[in-house]
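K.L.:
Chain residues, written in single-letter form:
There are 2 protein chains.
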Amino acid sequence: MVTAPANSTEPRASAKGADVVISVDAMGGDSGAATVVSGIAHSADKNPAIRFIVHGPEAELKRLIGRKRGLAERCDIRHAEGVVRMDDKPSQVVRNAQGTSMWSAIESVREGEATVAVSCGNTGALMALSMIRLRKLPGVNRPAIACLWPSRNPSGFNVMLDVGADVKAEAQDLVQYAMMGASYARNGLDIPHPRIGLLNVGTEEHKGRAELRTAHEMMGQAATTGNFDYIGFVEGGDLPSARVDVVVTDGFTGNIALKTGEGTAKLVGDFLKQAFNNSIMSKFAALLAMTSLKRLQKRIDPRRVNGGVFLGLNGTVVKSHGSADATGVSAAIRLAFQLAQSGFQERLAARVAQGAALPVPGDGGATPAGQQGQS
Amino acid sequence: MVTAPANSTEPRASAKGADVVISVDAMGGDSGAATVVSGIAHSADKNPAIRFIVHGPEAELKRLIGRKRGLAERCDIRHAEGVVRMDDKPSQVVRNAQGTSMWSAIESVREGEATVAVSCGNTGALMALSMIRLRKLPGVNRPAIACLWPSRNPSGFNVMLDVGADVKAEAQDLVQYAMMGASYARNGLDIPHPRIGLLNVGTEEHKGRAELRTAHEMMGQAATTGNFDYIGFVEGGDLPSARVDVVVTDGFTGNIALKTGEGTAKLVGDFLKQAFNNSIMSKFAALLAMTSLKRLQKRIDPRRVNGGVFLGLNGTVVKSHGSADATGVSAAIRLAFQLAQSGFQERLAARVAQGAALPVPGDGGATPAGQQGQS
Chain B
0 MVTAPANSTE
10 PRASAKGADV
20 VISVDAMGGD
30 SGAATVVSGI
40 AHSADKNPAI
50 RFIVHGPEAE
60 LKRLIGRKRG
70 LAERCDIRHA
80 EGVVRMDDKP
90 SQVVRNAQGT
100 SMWSAIESVR
110 EGEATVAVSC
120 GNTGALMALS
130 MIRLRKLPGV
140 NRPAIACLWP
150 SRNPSGFNVM
160 LDVGADVKAE
170 AQDLVQYAMM
180 GASYARNGLD
190 IPHPRIGLLN
200 VGTEEHKGRA
210 ELRTAHEMMG
220 QAATTGNFDY
230 IGFVEGGDLP
240 SARVDVVVTD
250 GFTGNIALKT
260 GEGTAKLVGD
270 FLKQAFNNSI
280 MSKFAALLAM
290 TSLKRLQKRI
300 DPRRVNGGVF
310 LGLNGTVVKS
320 HGSADATGVS
330 AAIRLAFQLA
340 QSGFQERLAA
350 RVAQGAALPV
360 PGDGGATPAG
370 QQGQS
Chain V
0 MVTAPANSTE
10 PRASAKGADV
20 VISVDAMGGD
30 SGAATVVSGI
40 AHSADKNPAI
50 RFIVHGPEAE
60 LKRLIGRKRG
70 LAERCDIRHA
80 EGVVRMDDKP
90 SQVVRNAQGT
100 SMWSAIESVR
110 EGEATVAVSC
120 GNTGALMALS
130 MIRLRKLPGV
140 NRPAIACLWP
150 SRNPSGFNVM
160 LDVGADVKAE
170 AQDLVQYAMM
180 GASYARNGLD
190 IPHPRIGLLN
200 VGTEEHKGRA
210 ELRTAHEMMG
220 QAATTGNFDY
230 IGFVEGGDLP
240 SARVDVVVTD
250 GFTGNIALKT
260 GEGTAKLVGD
270 FLKQAFNNSI
280 MSKFAALLAM
290 TSLKRLQKRI
300 DPRRVNGGVF
310 LGLNGTVVKS
320 HGSADATGVS
330 AAIRLAFQLA
340 QSGFQERLAA
350 RVAQGAALPV
360 PGDGGATPAG
370 QQGQS
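Chains as they are written, first to last, in numbering that gives the first Met the number 0: chain B, 0 to 374; chain V, 0 to 374.
Copies of one chain are not kept apart here, so a pair can be met inside one copy or by any two copies together.
List of simulated lysine-lysine pairs, DSSO-like, C-alpha gap at most 30 Å:
1. K297 - K272
2. K167 - K88
3. K67 - K45
4. K282 - K293
5. K206 - K88
6. K297 - K265
7. K293 - K67
8. K282 - K272
9. K265 - K293
10. K297 - K282
11. K45 - K293
12. K272 - K293
Keep in mind the hints are simulated off the structure, nothing from the lab. These numbers were taken from a predicted model, which means no experiment stands behind them.
The task is simple: from the sequences and hints, build the whole structure.
P.N.:
Here's what the structure looks like:
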């Protein structure tokens, strides 16, 4: 029996009274099925309210799952021979994906057997297959991928989207990202009234590209319907800031920012390691500071922020990092569980439907009123 | 008497046999004229081959410069009452800038009294004034701002451009950025044959926006003329990489990446400080590791990478960080000196003129041959 978290003020929309079922693609990541099954086992230990549908070669999965005590009873195995490789081109995958574990994992969500799918596979292929099999939510023009960003906020994270579903975004798409991102922050991070910022090269109104200035104008309107605070333009330096919860941008810029942030954190981490290896004294110091350094590492550990979420489809898909280890896979499953349990998908769909009724600036259309809620 | 560096294989184009003159805007930064004059004094101490033209309120500058031993003989003061503020809009500045220290600093380069101008002021205003007074180099469509990025390369830095001169860039502009960035890396960082990468959301040829794929095609051609190696698409994580020297992107993306990188480094640094303040033991460890940590700090210190360079104008302008302290100002002056001494401006102009003769793909035009050199 799943109980709603203490800070919830209303009944959850789904998964009440039943276990949450997560569909997991066991193949396609860099480290293979054994790692994914270890992640599943870790999640199963921590959370008695999850069941799994696991997709991949039956014999191998049976053996791996059989080794973990009590896991077999909580897993349905779906046999799938084929594997989508990390270097397969999405356009080719789309033609030949039937029978792969990735296809099968999405199919379980499509057929309503599972609430959320998790895969460590090829991002482009996963998005292409998800688009084709789950289809876009009515009213959504461009789906988006949302990621978590280590931040100075109490939750420890901010949300950024889109980080690479589409290299383009018009003003209307950006407004829709804001709606979807707000819904994700509410249901995934328990932030009731998220603060949204629009990523730009400066905070003044005249800055940036034309579509950003149009989106900036439209955001005020969308904020009421979307139940968020629009704080205006933010800059790259604000991504980890405590003054914003969700940063909206196009998929090109978001992907560059995400990888730049990861690359910079890794550079500083490597320089830090070199600094501590510099002398006997610094090595001794590192030993003394071990606990504190481990805490630091945990705060910026990419495995903890593991899980890009595909938003705007008829079903939720969590993309785990291709190189995720068992801890990373387990983090992605925890996120999938949180979203499934909160009824995120239904709430997001309702919110998008409201947003689709929003007038475009200059249309003079009436605003739908009284539509605020907690979705 | 300025002597060419040991690794130079040909006579330098300018400043031979005479002191290099740098024009410095003493006002407009966050920390005032005293900080700028301290930076000037520091540079003067380190390098006997620089002279300065310093722009700002005469009485104040006279007093500040008079306090530093031997500095007055190496500085010409140009009186300027007005100051361009950090929050002035570039469009307004352009109308009212005459008589400001920023205007006056650019004027010294325009009139050939100084080789390079340095300012800590408002970036947008500085670019707008530089464009109006110095004008674009013949053949340049969009000027660019290049920054230095801490990297794993032996020099410790990579170059990225554009980081915010213009929010847009067509394929031809990106190719021109590659030519200008290569010239900057050669003359500013002493890298004879720089490796150029084009920033994208993936390294495969089909990735990214249309203008990036066109630029990708054109780069091979430009590489011969521009005397650089084109290594193809790079991702955000490659910005500090040792496999590239110069990363080319549009000013919107570059600005977001730059500020994201700075913000991430600051976040990790703050988390590190918190980690070391966590317990008596970790504080003691920090004390032991002090020397190593200081070395780390130096490697990622934004003051060391202080100095965005405006490329593509009839004159070189170095933009120092608005919040730069004396060390930062001095770093910007050192960069200005290096560029002035290497004859960068003339070499860049020659290179751009060659590049302007390059055919656009599909034109079938002949390639200018035999134009490689060290500019």
